[in-house]
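Q: Each chain, written out:
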Amino acid sequence: DGGITQSPKYLFRKEGQNVTLSCEQNLNHDAMYWYRQDPGQGLRLIYYSQIVNDFQKGDIAEGYSVSREKKESFPLTVTSAQKNPTAFYLCASSPTQGGGNTIYFGEGSWLTVV
Amino acid sequence: AQSVTQLDSQVPVFEEAPVELRCNYSSSVSVYLFWYVQYPNQGLQLLLKYLSGSTLVKGINGFEAEFNKSQTSFHLRKPSVHISDTAEYFCAVRNSGGSNYKLTFGKGTLLTVNP
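For the record, the sequence lines run as chains A and B.
Numbering follows the numbering used here, in which position 19 of the first sequence is assigned residue number 89; successive positions increment by one, without gaps.
Numbering follows the numbering used here, in which position 68 of the second sequence is assigned residue number 207; successive positions increment by one, without gaps.
These are computed hints drawn from the structure, not numbers from a lab.
There could be a bad hint or two in this list.
[Claimed, not checked] Chain B is faced by these chain A residues, among others (derived, beta-carbon under 8 Å):
| hint | residue |
| --- | --- |
| 1 | F82 |
| 2 | Q111 |
| 3 | Y118 |
| 4 | N123 |
| 5 | G176 |
| 6 | T182 |
| 7 | V183 |
Note that the Cβ used here is the ideal one computed from N, Cα and C, for glycine as well.
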């Protein structure tokens, strides 16, 4: 089945550690995105990429890093510089050709700092 | 810059009652508008989208939304809700032109359908 796979679903991190969230898509989409969701805050864009080997900061990029070495993959690293990393993280992808393209979401990953 | 305001953070209704979830947006350029639904502990699923043409858009699960350019609104409606419609609903906007495809989301409305 085509879709977006995020792993792990649940992740616990000790303070001071970096962690990486995986996102893989087999939809052949050019664009990929990472959003952070906090209760009552909606979704906020962390990073996005519209082509391999290129990515741009979103609204809350501080303390995060990404790479886009392959079209199918867009991993997100939450670094120790992120002061409040506990949240639900959503990966998404979309085509870039044509207008009004739908953004499709993965099932999300919960990150908890312990 | 764009912004989206969802006017109600929570909407409780009884089963089989009609519901309207309100969304207003702000943008200096033409936009596309979207409604997504999120069930607990899951990702987002597209309900419907407005790109152009008819201002009344029909989506999945019996939902529809009406684009009102003069009021910069895109309210979501359903004439009769079910228990299974209990979820969080997000309104989102993006530029209709250019090469930037990222969405800006509202803070969400939690719809709770009671028996």
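Q: Take the hints in turn and mark each one as holding or not.
A: Hints, one by one, checked against the model:
1. F82: At 16 Å from the nearest chain B Cβ, A:F82 fails the 8 Å test, so the hint is violated.
2. Q111: 6 Å, holds
3. Y118: 5 Å, holds
4. N123: Since the shortest Cβ distance to chain B is 17 Å, the answer is violated.
5. G176: Holds - the Cβ of A:G176 comes within 8 Å of chain B, reaching about 5 Å at its closest.
6. T182: 14 Å, violated
7. V183: 19 Å, violated
Comparing the model with each earlier hint shows violations of hints 1, 4, 6 and 7; every other hint is respected.
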